[in-house]
Amino acid sequence: MEYLYLKWIDYKTNKKYLIGALFRDKEKNKYYFKLSQNHIEKAIEENVISKQMLPFSDFDKIYESDEIFAIFKIRLPKIEKFSSEELRILLEDLEMKEYDEFEYLRKTNGILMTDNFIVEEEK
Numbered sequence: 001m002e003y004l005y006l007k008w009i010d011y012k013t014n015k016k017y018l019i020g021a022l023f024r025d026k027e028k029n030k031y032y033f034k035l036s037q038n039h040i041e042k043a044i045e046e047n048v049i050s051k052q053m054l055p056f057s058d059f060d061k062i063y064e065s066d067e068i069f070a071i072f073k074i075r076l077p078k079i080e081k082f083s084s085e086e087l088r089i090l091l092e093d094l095e096m097k098e099y100d101e102f103e104y105l106r107k108t109n110g111i112l113m114t115d116n117f118i119v120e121e122e123k
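In our numbering, the protein residues as written are 1 to 123.
Incorrect hints may appear among the rest.
As the list claims (entries may be wrong) - Ranges of calculated distance between the beta carbons of each label pair, as one might list FRET restraints:
#: 1; residue 1: 88; residue 2: 44; range: 43 to 49 Å
#: 2; residue 1: 13; residue 2: 66; range: 23 to 29 Å
#: 3; residue 1: 42; residue 2: 97; range: 20 to 26 Å
#: 4; residue 1: 13; residue 2: 65; range: 16 to 22 Å
#: 5; residue 1: 37; residue 2: 109; range: 20 to 26 Å
#: 6; residue 1: 80; residue 2: 14; range: 31 to 37 Å
#: 7; residue 1: 13; residue 2: 109; range: 33 to 39 Å
#: 8; residue 1: 76; residue 2: 27; range: 17 to 23 Å
#: 9; residue 1: 2; residue 2: 116; range: 21 to 27 Å
#: 10; residue 1: 12; residue 2: 67; range: 19 to 25 Å
Unchecked claim - Think about it this way: if two alpha-carbon atoms lie no more than 27 Å apart in a straight line, the pair counts; the simulated BS3-like pairs of lysine-lysine are:
#: 11; residue 1: 34; residue 2: 51
#: 12; residue 1: 107; residue 2: 12
#: 13; residue 1: 16; residue 2: 34
Source of the hints: derived by calculation from the structure; they are not laboratory data. Here a beta-carbon is modelled for each residue, glycine too, at the ideal position from N, C-alpha and C.
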């Protein structure tokens with residue numbers, strides 16, 4: 001199983017707070033997400049995030065989906081609108097043989113200009 005971590009970056013300190021883990025089971029073609037209660041509670045305690053900012057609400061649940069979750073989907077390009085040349089250039093730039101949502105997130109960190117979430121591997 002492959003996994004990536006969803007983190008929140010405090011723009012004042014650049015400190016990263018773990019929000020949860022995204023797992024992919026390629027064999028079953030499923031995605032899973034689990035919130036990290038201890039890390040989130042610490043970030044809330046430090047007034048860095050609020051519960052309303054979280055993409056999910058249940059700390060005890062492992063979320064499951066056949067498609068990548070919305071919090072990650074918005075971080076992906078709409079490749080169906082790419083020409084074959086644009087797609088080729090994207091894959092070449094990212095050193096990918098074929099487009100893969102999970103791999104795209106791994107390589108780009110899923111950074112958006114509209115929020116402070118980031119997607120990272122364990123380092």
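Hints and how they fare:
1. 88 <-> 44: 43 to 49 Å: 44 Å, holds
2. 13 <-> 66: 23 to 29 Å: For residue 66 against residue 13, whose Cβ atoms are near 38 Å apart, the range 23 to 29 Å is violated.
3. 42 <-> 97: 20 to 26 Å: Check failed, 40 Å falls outside 20 to 26 Å.
4. 13 <-> 65: 16 to 22 Å: 33 Å, violated
5. 37 <-> 109: 20 to 26 Å: 23 Å, holds
6. 80 <-> 14: 31 to 37 Å: 35 Å, holds
7. 13 <-> 109: 33 to 39 Å: 18 Å, violated
8. 76 <-> 27: 17 to 23 Å: For residue 27 against residue 76, whose Cβ atoms are near 22 Å apart, the range 17 to 23 Å holds.
9. 2 <-> 116: 21 to 27 Å: With a Cβ separation near 24 Å, residue 2 and residue 116 satisfy 21 to 27 Å, so the hint holds.
10. 12 <-> 67: 19 to 25 Å: 34 Å, violated
11. 34 <-> 51: Holds, at about 15 Å.
12. 107 <-> 12: Distance ~25 Å between residue 107 and residue 12 Cα, so the pair holds.
13. 16 <-> 34: 17 Å, holds
Hints 2, 3, 4, 7 and 10 from the earlier list are contradicted by this structure; the remaining hints agree with it.
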